[in-house]
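Visitor: Spelled out from the first residue to the last, the chains are:
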Amino acid sequence: MQETILLPLIILLPLLGFAVLGLWGKRMQEPTPGIVASALVLGSFVLGVVLLAQGGARWGLEDWLPGIPLSFALDNLSGLMVMIVAGIGFLIHVYAIGYMHGDAGFSRFFSYFNLFIAAMLVLVLGDSLPVVFVGWEGVGLASYLLIGFWYADRVNGDSARKAFIVNRIGDLGFLLGMGVLWANFGTLSISELREAIAPEGELAVGLNNAALALAAFLLFVGAIGKSAQVPLMVWLPDAMAGPTPVSALIHAATMVTAGVYLLCRNSFLYFDLPDVSFWIVLIGMITAVYGALCAFGQTDIKRIVAYSTLSQLGFMFVAAGVGAYWVAMFHVMTHAFFKALLFMSSGSVIHALGGEQDVRKMGGMWNYLPQTRIHGLVGALALGGLPLLSGFWSKDAILAYSYEYSPVVWFVMLLVAAMTALYSMRWFVLVFLGKYRGHEHPHESPSVMTWPNHVLTLGSLFAGFVGLPYVIQYKNFLEPWLNKVIVHHEHEKLPVLEEWTLILVSAAVAVGALYYGYRFFQAEAAGRLPAWFVRFQEASLRSFYADDVYNALIVKPLKSVAKILFDADNGVLTGFQWLGSVTGTLGGLLARLETGYLRFYAAGLLVAAVLLILVGVIR
Amino acid sequence: MNYDALMHVGLFLPLLAGIALLIWPSLGRTFAVAAAGVTFLLAAWLFAGAQGEGAGYASQTLLLEPIQMYYALGLDGVGLMLWLAVSFTTLLAVYIAQVPIRMLGWALLMETGLLGIFAAADLVLFYVFFEATLIPALLMLGLYGGRERLKAAYTFALFTLVGSLPMLAAVFAVRYLGGAPSFLHADLAANPVSGAAATWVFLGFLVAFAVKTPLFPLHAWLPSFHAENHPSGLADAMGTLYKVGLFAFFKWAIPLAPEGFAQFQGLLLLLAAFGAIYAAWLAFAARDWKRLLAYGGVSHMGLGALGLFSGHADGVTGALFLLAASMVYTGGLFLVVGRIAERTETLEIGPVRGIAKSAPALSVLTMFLVMAMIGLPGLSGFPGEFMALLGAWKASPWLTFVAFTAVIAAAAYALTAYQALFQESPNRTVPDLTPREWVFGVAVVASTLLVGLYPKMFTELIHPVSEALAKLLGGGA
Chain A
1 MQETILLPLI ILLPLLGFAV LGLWGKRMQE PTPGIVASAL VLGSFVLGVV LLAQGGARWG
61 LEDWLPGIPL SFALDNLSGL MVMIVAGIGF LIHVYAIGYM HGDAGFSRFF SYFNLFIAAM
121 LVLVLGDSLP VVFVGWEGVG LASYLLIGFW YADRVNGDSA RKAFIVNRIG DLGFLLGMGV
181 LWANFGTLSI SELREAIAPE GELAVGLNNA ALALAAFLLF VGAIGKSAQV PLMVWLPDAM
241 AGPTPVSALI HAATMVTAGV YLLCRNSFLY FDLPDVSFWI VLIGMITAVY GALCAFGQTD
301 IKRIVAYSTL SQLGFMFVAA GVGAYWVAMF HVMTHAFFKA LLFMSSGSVI HALGGEQDVR
361 KMGGMWNYLP QTRIHGLVGA LALGGLPLLS GFWSKDAILA YSYEYSPVVW FVMLLVAAMT
421 ALYSMRWFVL VFLGKYRGHE HPHESPSVMT WPNHVLTLGS LFAGFVGLPY VIQYKNFLEP
481 WLNKVIVHHE HEKLPVLEEW TLILVSAAVA VGALYYGYRF FQAEAAGRLP AWFVRFQEAS
541 LRSFYADDVY NALIVKPLKS VAKILFDADN GVLTGFQWLG SVTGTLGGLL ARLETGYLRF
601 YAAGLLVAAV LLILVGVIR
Chain B
1 MNYDALMHVG LFLPLLAGIA LLIWPSLGRT FAVAAAGVTF LLAAWLFAGA QGEGAGYASQ
61 TLLLEPIQMY YALGLDGVGL MLWLAVSFTT LLAVYIAQVP IRMLGWALLM ETGLLGIFAA
121 ADLVLFYVFF EATLIPALLM LGLYGGRERL KAAYTFALFT LVGSLPMLAA VFAVRYLGGA
181 PSFLHADLAA NPVSGAAATW VFLGFLVAFA VKTPLFPLHA WLPSFHAENH PSGLADAMGT
241 LYKVGLFAFF KWAIPLAPEG FAQFQGLLLL LAAFGAIYAA WLAFAARDWK RLLAYGGVSH
301 MGLGALGLFS GHADGVTGAL FLLAASMVYT GGLFLVVGRI AERTETLEIG PVRGIAKSAP
361 ALSVLTMFLV MAMIGLPGLS GFPGEFMALL GAWKASPWLT FVAFTAVIAA AAYALTAYQA
421 LFQESPNRTV PDLTPREWVF GVAVVASTLL VGLYPKMFTE LIHPVSEALA KLLGGGA
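Chains A and B, in that order, are what the protein sequence lines are. Mapped onto this note's numbering, the consecutive letters of the first sequence carry residue numbers 1 to 619. Mapped onto this note's numbering, the consecutive letters of the second sequence carry residue numbers 1 to 477.
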């Protein structure tokens, strides 16, 4: 690994874009800000790939804070993330040139977008936890700014604020986790912690396991917030208030996977802590189920995809929890392709329908949008796990590792996989099939929007082939490449027969569910669903009342107490003033000749003198 | 180059300029800005001249022979950082605030008092500066404040004076019970009081410094102080600089009576943690900007206090860093709020909405400062908060957890207020930044970025000092 100043340059390019577009973007003609922003992100991508090809890089500044370096490291793990963030980020930037066309805030949008990329790159490249945290909060800020991009609508501002505040709950976990590590190891550099905790890939002897577990758990709380896991999941669906490219980039492909990345980056904390890992599996499972259930009832085209993101993030957490860190990253990668594709196809549909987002007023797009229909189909099938597509391979790997961990986990996740296939077909059927149920004049998007989707379509089709299961006699590129830098336990491979059985079962379930979903949801388009399912959808649409419960149990009480305390605080003041007037009167009695505030001096001096004498006597 | 001379000039220049301005207000704002500017440059020059770790300046002249009281000044890394923060914020304040010219004079007088507090190396001298600064602060409130200004001034004076008297007793007690040959900091620190006397001495300092931190429950004067001060924010910014309690604990109370501090450490940690979350919670219910910022300030000083009282070097560094950073960003916010109030004729949160539409640059400026206050990494609020947390965790994980829930609350109260004023559908149009405000904005934003991105600039100077204190208290790094 080379020491090079080029490494921070990867971050500085988009940061420069943020500053320049923020200050002077308004004077530029559309689409110049978009082109500048996209070019800078492409620059980061190229630079990242070149440095990675040279075997990685590092750069640091000692004692940025006392004992804490400002350090960055590009290795295989962060390199994969750089490629996803800058690569897919670039495609989404290009798409946004078309999507944001004519918006009054065109340059502001790209300024924020570049800020996001810069912060995300800090997050993935940081080799010191506080540096990671800088990026962690930076993406939170960018997310806040972009969710509330159209801030004139109150609901957008509310959603943005909610996202920021809920994320801060997780961030507190991150902060306290750093506190534990600092108190126990005296360093927050990731590579030094790794040396201290798991040298040679084995847990060091004589560690304080309770402290380790606490640190691991607190960092996990941070991951829960950022990756919208239960119970901090409520912000992500509302985050769809932002423009669609934002949902694609931040709330699907990159930022929300930061929690998964954090677990993998710090796997040396987790790999030998079965208790904490169990919680990761559990939270992941609950989120996967919850997200899938919520996806069935949504009527907003983007919220369906948003809940599917929740659910897929749950898959990634399960992978990290069972110790299959490379698989978690594998799913991060394939998911980035097909989820970005799904969002941007949704964006193209919204664009085609003049801003319409309600799937009940869609349908029949197959006949109007000759390119987007392919994008949507591939995206839905990859999400649904059609065999040979990218989503199938990564999901299958998660299922296989879950089976080793516990057949119960495997079974639950298999059910979720089936639900995934069902709701992805629901999305596709309601949007593209049947008759058009609205009154717009749908038109295909310009090529600046379709070309990025072509690339993502290719990725969704083929990206899975870098991580094939071992029973297929073809090289798995990803596993050894990532495992070189991730601390993990070697796992025993399943017998060939069992592995094949698992693959075939998951393939059969996916195909069956996709087909069944395709049939079943044509009935929804026609309004002929069974009554029980309609009732289920009503609850699902309201996310099983999570927001209502949180509002009633947490938000409202906190607000009321704030009001009560605020008034009570004036009471404190009144109390002191009363005390003051008593003292004042006393002072007046003691020193009649004094006027004004001097009386306090006199009284105090007397009291002090008495005290002094007392102290002297006692001594 | 005789840097010590610069120190004396820097200290008294604002005083002389302030008096001149009070006598001849026709000298005008430019004169005030020039004086504050030169003072800032002197502070920067001194800062730049400080080489190596913890190095600084010292100078002493015997003033009152019978009691061995010196005119003694000393600036180590901590003092230099605070000099920069005070002189920079004062410069910003006199540059931007729209106030009667004489008020600028009072602000300059106050600046000398503040610089003196941070430079004094003799306890009596420190006491003089600590108390004298009250006069211009009270006068600004009394002369230029709002409708309830006299009540607020009364409250402020009451809290301060009640705190000052035990402190005066402590000033004498610490020397004569400790047996130091003079009031010099070095002599006093070499002869700390011990036993029951230490407890009483520390208690004497405690009330005065807690009022000025401000530490719960002695914060109660602050909201009305800010709410009633001149809407321009000048007096509020100067008042923010006057929140020197953390520094005073650090420089005087703790090293002079470490045993006394040990007696109160648990209670102080508890008050700091409780105050942090209590004030943050209240801030959410605040209905005007000044009260919101007042409570926000109390909350953040609680976090700093938790770091300081932890007794660990990280926490102490964090507290001092946070103190200096918050002087600039809180002061800056008060001034920005003043500029907004001039446009909208109200400080209330709610009646005016959506002004980002007509004043985008103003909204960006406010967002920057609000984010600094929330403690966003990369801006000046973060390094101090973070180091305070690292130190505090070593002292008490539970209290750290309780106190730092305030960072969640900070996002809630600050962004809620921000949204109400700048976002949603506009019901007013206001003018965007004027050229003068642009200069102000660029300066304050640049400073929050510089300090947030390169904290090393200050931490390498203050950390050795913090380590010395931690060593005195028997704590490690």
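Just so you know, the hints here were simulated from the structure itself, not pulled from any lab data. A couple of the hints might just be wrong.
Below, simulated DSSO-like cross-link-like pairs (lysine-lysine); rule was C-alpha separation at most 27 Å, straight line [to be verified]: (1) LYS493(A) - LYS475(A); (2) LYS26(A) - LYS471(B); (3) LYS435(A) - LYS361(A); (4) LYS471(B) - LYS563(A); (5) LYS471(B) - LYS456(B).
Only part of the chain B face toward chain A is listed, based on derived beta-carbon distances under 7 Å [claimed, not checked]: (6) TRP393; (7) ALA395; (8) LEU415; (9) MET457.
Quick reminder that beta carbons are idealized off the backbone N, C-alpha and C, glycines included.
Visitor: Just pull the numbers of the violated hints for me, sorted ascending.
Guide: 2, 4, 7, 9
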